[in-house]
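A.B. asks: Use the sequences and the hints to build the structure in full.
Residue numbers (this note's numbering): 1 to 913.
Don't take each hint at face value.
[Stated by the list, open to error] Derived lysine-lysine pairs resembling DSS-like cross-links, with alpha carbons at most 27 Å apart:
1) Lys822 to Lys737
2) Lys822 to Lys779
3) Lys789 to Lys758
4) Lys772 to Lys811
5) Lys156 to Lys186
[To be verified] Beta-carbon label-pair distances, calculated as ranges:
6) Leu238 to Leu422: 58 to 64 Å
7) Val711 to Leu640: 16 to 22 Å
8) Glu703 to Phe639: 31 to 37 Å
9) Ala590 to Pro775: 27 to 33 Å
10) Arg294 to Asp115: 48 to 54 Å
11) Leu684 to Asn176: 33 to 39 Å
12) Phe639 to Arg530: 24 to 30 Å
Quick caveat, the hints were computed from the structure, so don't treat them as lab data. It should be emphasised that the depicted structure is a prediction, and the values quoted were computed from it without experimental measurement. Virtual Cβ for every residue (Gly too), placed ideally from N, Cα, C.
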Amino acid sequence: MLRRSLLSRFRHRILGTALIATLAATAVLPNAASGQGSPPAAQAPAAKQQNAAPPPANGQPAPANEQAAPAAKPAAPKAPVSEALQTLRDRLDTIKDDLEAREKAITGPNVGAGDLIRARDGLDPLADRLRSVIDLLGPRLEAARERLTQIGPKPKEGEESEEVARERAEREQAVNDIDGTQRLAKSLLVQSDQIVDQISNRRRAAFTRGLFERSSSLLTPDLWMRVGADIPRDISSLKSGFDDTVSLFRRNGSLWNLLILGLALGLSVALYFGRRNIAPALGRRDINVTAPSRRAKLLGAWRVLLLGTLPALAGSYAVYYALDVTELLPARFLPVASTILGGIAFIAFVEAMADALLAVNKPAWRPAPVSDAAAWRITALAVSIAVVITVSKSTEALNSAIYAALPISIATRGVGAITAALLLAIGLHRFADTAEKEEECFGPYVGTETSSNIGGPLRLLGWVAVAVIAVAPLVGYVAFSAFLVDQLIWTASILVLLWLLVVSADVLIGGSLCEDTRIATTLQANTGLRKRSLNQIAVLTTGFARVLLIAVAALLALAPWGLDSTDIFSSVRTAFFGFKVGDVTISLSAIAFGVSILVVGVFITRGIQRWLENTYLPATDLDAGLRNSISTVAGYVGFLLALALAFSYLGLSLEKLTIVAGALSVGIGFGLQSIVNNFVSGLLLLWERPIRVGDQVLIGDSEGIVKRISVRSTEIQTFDRSAVIVPNSNLISGIVKNRVRGDRTGRVIISVSVLRSKDPVEAAEMMVACAKAHPDVLKEPAPRVVFKKIGDPFLEFELIAMVVDVNLSQKVQSDLNFSVFKALADAEFIPPMGPASSFITVQGLEPVRDALGQIAHAVGSPAAHVIAPPAAARSESEEKVSAGADEASSTDPREPARRSGSASPDGNLRRHG
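C.D. replies: Have a look at this one:
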């Protein structure tokens with residue numbers, strides 16, 4: 001009793017203390033609430049006023065001076081939250097409750113896969129709503145802070161007006177409200193991401209735990225003893241299930257239900273019969289066609305695949321739907337029927353795929369590059385493994401339906417996995433035998449289609465899979481072995497379909513745009529695209545299709561390994577719309593949009609430049625140099641504006657660019673002038689493109705083809721296959737001769753000399769005709785001949801012709817030399833080769849001739865014979881010398897004696913002797 005009374009007194013005292021504290025808080029709260037919106041500096045005078053004038057004791061009236069004291073200014077009331085912001089807060093509260101419920105659901109001790117799936121569903125829309133709230137409040141918060149900044153802080157000295165203080169308090173309250181709401185949204189977004197991570201970790205841990213859970217080994221005798229002990233119970237359970245099926249069939253077996261089931265079975269049989277007998281004819285793969293096109297092969301393969309798979313799927317689904325609707329089968333046996341019907345459809349799919357790609361009886365229509373023997377063996381192996389998988393899965397479904405004992409389930413799964421491994425080993429061994437037989441029959445080993453396609457790394461990988469699948473059940477990892485079998489079949493099916501889809505995309509899409517098809521012709525006629533542009537579009541389209549197909553195949557292949565597609569799509573979306581690395585947010589979408597802004601800005605700038613160059617500036621009186629300068633400056637200004645817009649969208653302000661420029665200036669000051677010079681020169685080369693890859697340029701003594709332009713140097717390959725590395729600053733500041741700057745046309749000049757006696761007009765016409773007949777000479781401008789010089793024996797001409805490509809200049813020059821020489825030589829405009837073509841004209845020999853005459857007159861006839869010129873060089877001068885001698889003899893009295901003396905050579909010899 002004493003204890004109870006003490007406890008009751010203690011409780012009453014506590015309640016009284018709590019009541020007093022509540023009343024005191026109630027009395028204080030209104031004053032605190034009224035002054036909440038005002039800053040502390042505004043509340044300080046009121047506090048001093050209260051301290052200076054305490055209430056009088058004993059109820060006496062206050063003094064007159066105290067009553068005359070001015071009343072304190074009332075504190076500014078708290079501004080109410082706006083309706084839009086309150087709506088956002090209510091929405092965030094709802095999301096918070098939802099996230100807390102999900103987090104509570106996944107933190108329990110007995111959380112199953114279904115609970116994790118339900119908790120994961122709907123998280124992405126919640127995260128999207130939170131991101132939209134954060135993005136919505138961001139500009140509003142910046143605007144509120146800007147308005148608060150415009151008012152400025154409260155002055156330390158002096159007083160401010162009541163309106164300014166009230167405005168500052170309201171704006172501070174608005175900033176606090178918006179900032180608090182945004183912070184709440186950010187915290188909820190972090191919470192949702194944490195829940196997603198927890199769900200992913202739990203699912204991954206559960207998958208790993210179930211996959212590597214160890215059971216009894218198939219080599220353990222105790223397992224088979226327990227199987228033998230559990231067989232009678234399972235047989236009894238099977239009989240009970242059969243009795244339940246019969247009773248349910250009798251109870252629900254009305255005429256209408258039986259009619260529906262009969263129609264479904266008849267439709268299924270008809271579809272399977274049509275698949276076996278009618279589908280091959282509809283595949284339109286004529287055996288008489290020996291060389292079909294690749295396009296025809298792929299279209300035939302798709303027809304065979306679809307006509308062989310879709311009827312089987314439709315028939316299996318019709319039977320399952322009839323069993324489900326009519327309720328003629330117990331609910332626990334519906335998964336068994338579903339597994340059996342799905343397995344039959346899977347076998348049909350494997351047969352259709354093998355027939356479509358391997359075409360055992362029609363090798364001409366075979367898209368896959370394998371031999372006849374390999375095609376037959378692959379088909380048999382694939383169908384056998386599909387049958388084993390169907391039987392194994394059906395047995396597992398039956399064990400689950402009759403609630404079979406665990407040892408029997410372990411034994412059936414292990415035996416099914418080992419059987420599949422044995423079939424795969426037999427197939428690999430047969431392929432190895434084929435390669436050995438071919439090597440023995442044909443002597444030295446030559447890689448054949450069979451050994452190359454089913455050999456090497458692929459066959460080694462197959463043997464590794466066989467070993468792992470066969471050994472795992474023997475050491476107790478039956479679940480892991482069965483999972484590997486399923487994944488092997490699943491991955492192989494995906495890879496085969498991926499190969500067929502990729503090849504079809506290359507042939508059907510790329511071939512339709514690259515070749516002279518109706519689609520390509522229509523696109524060229526309607527859009528004006530060139531064939532090269534269509535080829536580029538075809539390459540890009542097929543490349544995009546390949547990437548997309550490979551990504552989808554990878555997702556499908558990794559899905560059974562516990563990888564959720566929702567997590568993958570969420571990661572891709574996060575990477576695209578923004579992810580953080582430290583304090584930096586990287587958004588691929590923002591980068592792509594910024595690049596798009598830059599591209600559009602450059603496109604508009606180029607359009608303005610073309611308008612200035614072709615329309616506006618030619619109509620002015622400005623000279624060509626000034627017009628070019630204006631157009632160039634307009635291009636640079638437009639590019640800088642587009643670059644500034646792109647940077648501003650990416651969040652790069654001018655201050656950050658100034659920091660980068662300052663860092664560059666410091667680097668230049670430390671000796672990077674040459675590097676920066678080459679770097680800037682490289683940027684100018686890449687932007688202005690005075691020199692492009694493939695141009696033929698002459699720099700100093702080096703001439704060649706530009707192979708690569710980087711930001712530091714340019715690589716030029718000379719005609720002797722040497723590589724010349726030229727710094728970019730030399731290309732910008734030096735003199736460079738670009739032979740293909742405007743276009744790739746070149747000029748060929750041939751010098752020709754024609755006999756002076758021939759007609760120059762006819763010679764020029766023959767040379768122009770030779771140039772026009774050459775296929776690489778341009779028709780416009782037409783070849784022309786320049787009459788350079790009128791020489792003494794020859795007339796000199798120059799043939800000038802323009803060629804389509806400067807790289808063909810030497811070839812065209814050589815061809816024109818041959819053709820012009822042949823034409824002029826046939827017309828005898830060029831003298832033939834030999835001594836007769838040489839003419840020597842000697843002038844000014846008249847004094848020599850007179851001297852010879854006098855010597856002959858003085859010495860006599862023999863001397864004249866001695867100094868006479870050769871017969872080949874004598875001409876009319878000899879006659880003149882003779883005439884001079886005759887004139888001398890008519891005046892000289894000694895001439896008869898000389899004549900008589902010169903008549904005999906002996907006398908001449910005697911005289912000289």
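A.B. asks: Each hint should be assessed against the structure and marked as holding or not.
C.D. replies: So, going through the hints one by one against the coordinates:
1. Of the supplied pair hints, the one linking Lys822 and Lys737 is violated, its CA atoms being roughly 35 Å apart against a limit of 27 Å.
2. Of the supplied pair hints, the one linking Lys822 and Lys779 holds, its CA atoms being roughly 22 Å apart against a limit of 27 Å.
3. Distance restraint check for Lys789 and Lys758: the Cα-Cα separation of roughly 14 Å lies within the 27 Å cut-off, and the hinted pair is therefore satisfied.
4. This hinted pair checks out: Lys772 and Lys811 have alpha carbons roughly 15 Å apart, not beyond 27 Å.
5. Between Lys156 and Lys186 the alpha-carbon distance is near 36 Å, which puts this suggested pair outside the 27 Å criterion.
6. Between Leu238 and Leu422 the beta carbons are some 27 Å apart, a value that contradicts the proposed interval 58 to 64 Å.
7. For the hinted restraint 16 to 22 Å between Val711 and Leu640, the CB-CB distance of approximately 19 Å keeps it satisfied.
8. The given range of 31 to 37 Å is respected by Glu703 and Phe639, whose C-beta atoms sit roughly 32 Å from each other.
9. Checking the proposed 27 to 33 Å range against Ala590 and Pro775 shows it is violated: the Cβ atoms sit about 54 Å from each other.
10. Separated by about 52 Å at the C-beta atoms, Arg294 and Asp115 satisfy the suggested range of 48 to 54 Å.
11. Between Leu684 and Asn176 the Cβ separation comes to about 53 Å, which falls outside the hinted range of 33 to 39 Å.
12. Evaluation of the 24 to 30 Å hint for Phe639 and Arg530 yields a pass: the beta carbon distance comes to about 27 Å.
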